[in-house]
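There are 2 protein chains.
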Amino acid sequence: MNRVITISREFGSGGRTIGKKTAEALGIPCYDRELLEKIAKESGFDEKYIQEAGEYAPGGFLAAAFSHSATGPNNADYLWNIQYKIISQLAQEGPCVIVGRCADYILRDKADCLRVFIHADMDFRAKRIVEVYGEREQSPEQRLRDKDKRRAAYHRFYTDMKWGHAQNYDITLNSGRVGIDKCVEIIKDLY
Amino acid sequence: MNRVITISREFGSGGRTIGKKTAEALGIPCYDRELLEKIAKESGFDEKYIQEAGEYAPGGFLAAAFSHSATGPNNADYLWNIQYKIISQLAQEGPCVIVGRCADYILRDKADCLRVFIHADMDFRAKRIVEVYGEREQSPEQRLRDKDKRRAAYHRFYTDMKWGHAQNYDITLNSGRVGIDKCVEIIKDLY
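Chains A and B, in that order, are what the protein sequence lines are. Heads up, the first sequence is in the numbering used here, so the first residue is 1 and it goes up one at a time. Heads up, the second sequence is in the numbering used here, so the first residue is 1001 and it goes up one at a time.
A couple of the hints might just be wrong.
Said to hold, decoys possible - DSBU-like, lysine-lysine: derived pairs with alpha carbons at most 35 Å apart:
id : chain 1 : residue 1 : chain 2 : residue 2
1  : A       : Lys188    : B       : Lys1127
2  : B       : Lys1021   : A       : Lys20
3  : A       : Lys110    : B       : Lys1147
4  : B       : Lys1188   : A       : Lys21
5  : A       : Lys162    : B       : Lys1021
6  : A       : Lys162    : B       : Lys1162
7  : A       : Lys85     : A       : Lys41
No lab work stands behind these hints, which were simulated from the structure alone.
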């Protein structure tokens, strides 16, 4: 079984940056946006739609997802199956870092995973998302609360695991307190 | 403000050992059983009773604790006040490691804390508690589930923070996967 680093992260915590830097330092690939591209190619859906279906569809997605037992599989379930297949394949191809997309759950019996969760305080994240993603009409705090809620609900729905619960990870780090480069160093060292 | 390492831990995860070893490596004191002694001395209660009141009283303690708003302070509240005072004093005296007893919560505005949570899978902990504490009539798994439930309830009652929730800590580590000595190394390095 290949050794894989899975990174779950709160929005704005720098989890994606930590994944990229760790992969670079280890000389292994990091799948983040690349995953979206692959899922888009395989499903025929637009990348933007997939991203929103997974995390950020105002209103519609969760309601649709939660109804699947009554109405049969829907788009969200269809995407989940493709995602499941692609992540399993990537882990089989070789060591890598996978950011988000419930990879920790999908690979639980398929790879030797180092399961990481990155989080940070609201202030740190609010400052960071304005710097990285720019200003929006919505306040940064409101955007963060929305994203957190959606990611937790998505994770819970498909994995039945509590997102952010320490017991589900090998290591969790507060990137605001520890620092992004130190997080990279620790994860690299543990791998 | 002094720099303090607070270690919350699941029973059997080796959190206490990690605390002791980290303190030794850093040349600072570690308070664990010493805390019980201090609370006993200050309160006049027996150490055994204090330990059980904090974590492991079959039946009685939690019921008593949860009734305090109706009946005024009880023994558990009285002990909590003493514990609060002693932990605050220790943190004022100098850098140290404090294991358990909600020190992370008590010191949140009083010290510069590195907040650590140590956990491990059931198998690792079951094996370890039999080695360290010996066999009992109760199965190790049952003892662990009991302890986990009580610690979580105690923590929740007095701090209103979720025990084991990654967001409450700077770092959480699975000692079974990471290894006890590696945990010590990482914590020491972060401090």
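* Asked: Within a Cα-Cα threshold of 35 Å, do Lys188 of chain A and Lys1127 of chain B meet the stated pairing?
  -> Since the Cα atoms of Lys188 of chain A and Lys1127 of chain B sit roughly 29 Å apart, the hinted pair holds (cutoff 35 Å).
* Compare the distance between the alpha carbons of Lys162 of chain A and Lys1021 of chain B with 35 Å, and conclude whether the hinted pair is satisfied. => Given pair Lys162 of chain A, Lys1021 of chain B holds - Cα atoms ~31 Å apart, limit 35 Å.
* Asked: Within a Cα-Cα threshold of 35 Å, do Lys1021 of chain B and Lys20 of chain A meet the stated pairing?
  -> holds, 33 Å
* Straight-line Cα separation of Lys162 of chain A and Lys1162 of chain B no greater than 35 Å? -> This hinted pair holds, its Cα atoms lying about 12 Å apart.
* To do: Mind checking the alpha carbons of Lys85 of chain A and Lys41 of chain A for me, to see if they're no more than 35 Å apart?
  => With a Cα-Cα distance of about 13 Å, the restraint between Lys85 of chain A and Lys41 of chain A holds, given a limit of 35 Å.
* Asked: Keeping to a limit of 35 Å between CA atoms, is the pair of Lys110 of chain A and Lys1147 of chain B held or broken?
  -> holds, 32 Å
* Lys1188 of chain B and Lys21 of chain A: Cα distance at most 35 Å? -> holds, 23 Å
Consistency note: the structure conflicts with none of the earlier hints.
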